[in-house]
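With the sequences and hints as input, model every part of the structure.
2 protein chains.
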Amino acid sequence: MNNVQEESRRDRKRLQRRVVLIEIARRLIAANGLRSLKVRDVAEAAECSIGSVYNEFGDFDGLILTVNRDTVQALTDRLNAVPADDPIRQLHDLADAYLGFATEHANLLRALFEHRMEDDRPFPDDILSMVMDAFALMHAPLVRLLPDRDASDVALLSRMMFSAVHGIISLGLEERMVAVPPEQLRERLALFIDTHLAGLGLHG
Amino acid sequence: MNNVQEESRRDRKRLQRRVVLIEIARRLIAANGLRSLKVRDVAEAAECSIGSVYNEFGDFDGLILTVNRDTVQALTDRLNAVPADDPIRQLHDLADAYLGFATEHANLLRALFEHRMEDDRPFPDDILSMVMDAFALMHAPLVRLLPDRDASDVALLSRMMFSAVHGIISLGLEERMVAVPPEQLRERLALFIDTHLAGLGLHG
DNA sequence: GCGCGAAAATGAACAATGTTCAAGAAGAAT
DNA sequence: ATTCTTCTTGAACATTGTTCATTTTCGCGC
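Read top to bottom, the protein sequences are chains A and B.
The opening position of the first sequence corresponds to residue 1 in the working numbering, with each subsequent residue numbered one higher.
The opening position of the second sequence corresponds to residue 1 in the working numbering, with each subsequent residue numbered one higher.
One thing to keep in mind: the hints can contain errors.
The list treats identical chains as interchangeable, and a pair is accepted whether it falls inside one copy or across any two copies.
Claimed, not checked - Straight-line alpha carbon distances no greater than 16 Å define the calculated EDC-like cross-link-like pairs of lysine to aspartate or glutamate that follow:
| id | residue 1 | residue 2 |
| --- | --- | --- |
| 1 | Lys-38 | Glu-118 |
| 2 | Lys-13 | Asp-85 |
| 3 | Lys-38 | Asp-119 |
| 4 | Lys-13 | Glu-47 |
| 5 | Lys-38 | Asp-59 |
| 6 | Lys-13 | Glu-174 |
| 7 | Lys-38 | Asp-61 |
| 8 | Lys-38 | Glu-175 |
| 9 | Lys-13 | Glu-56 |
| 10 | Lys-38 | Asp-125 |
| 11 | Lys-38 | Asp-153 |
| 12 | Lys-38 | Asp-133 |
| 13 | Lys-38 | Glu-23 |
Since the hints were made in silico from the structure, they are not lab data.
The following block contains the structure:
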């Protein structure tokens, strides 16, 4: 076997295990929450040693952050799949997509927002950017709806609107502190956006 | 010394230590976040044994929950101190009070919302009720502003509005994912509420 | 194939931390 | 003073993230 094949075989194996580890970690977080994720459980499920997890991700945070990175990406993909033809419709769909994702992946989304780094290491910039970008996705439709407003003003408005939606959803889906009952969340969110748009002088 | 004094002396001592333990735990959480709170640190700072912490609070969750209980109470007190003469003003002040509390006690408030029980024990009902009650404090002013609306409708609306404010603030104050810059948070929140009220057909 | 050196895998050992509990100390009751 | 109850203590334990010396694997030149 030549160099290229040899090299790629090793890399393939390594990459495959990496994927397996991530998938297992994600499944465990999704099933039982970030808090009950243990290195040993992941290693055992992947049929490898504890040390291998460390070789691949550096430390436990590394694994969690990788899962979180995937979570933001999946969320972003879902939000980006919202059609952009009608801006008002788009805003509704964005909120709805967020609600859908939060419903289906509650523990994964919580892991993203609630995870704190070990010690006081800084939060990775790339994940931060990805989240910020996701939260900026209401910007485009709002620019179309408010063409005369100051650009930075709309930028702030869009992030604020998304933060509000996030707050309503995350508290509404929290089993314990039900601020808004889950079964009414969908229509309530739509109403919320309509009300806010009306307050901005727009009609849905 | 008679029975009553003996009894109360013991109780006083016990109560005093309880207060000390709570105060230390609160200070540690406020300073470094819930994650870095350790039983041994609390015990050492209180100059008692680890076991005494367990005698007093049952387990570590017990101590945390007690601090969280105090946090909700302090938050509620602050929200209740908002004058109730003008309903629109009251809504603004409630948001502002929440922002103030979240700014001054960021780690304590995070501990309240992010703490997960050990294993899967249920979240204590009393704390849950207290949080729900706090989040219902926008109800009264909204009832005055919307006297013709259905009661349960306004109840939902008020919790949703508070959840939205919570989302904007908690993400805005998160050092890492700054959705809305802290220095603009105050005026932006006011604007947010005005916009929403306008959408409801009201004028600030 | 063979042997060598680099890279990776392993899991025992370690460190940090929540929890328990048997033994002792302190206090209440008589 | 004695006894019984209660509280306090901290050593020992269980769990879990982390390290690292050892072993295994693997690529590569011969």
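Numbered hints the structure breaks, given as an ascending list: The structure conflicts with hints 2, 6, 8, 10, 11, 12, although it agrees with all the remaining ones.
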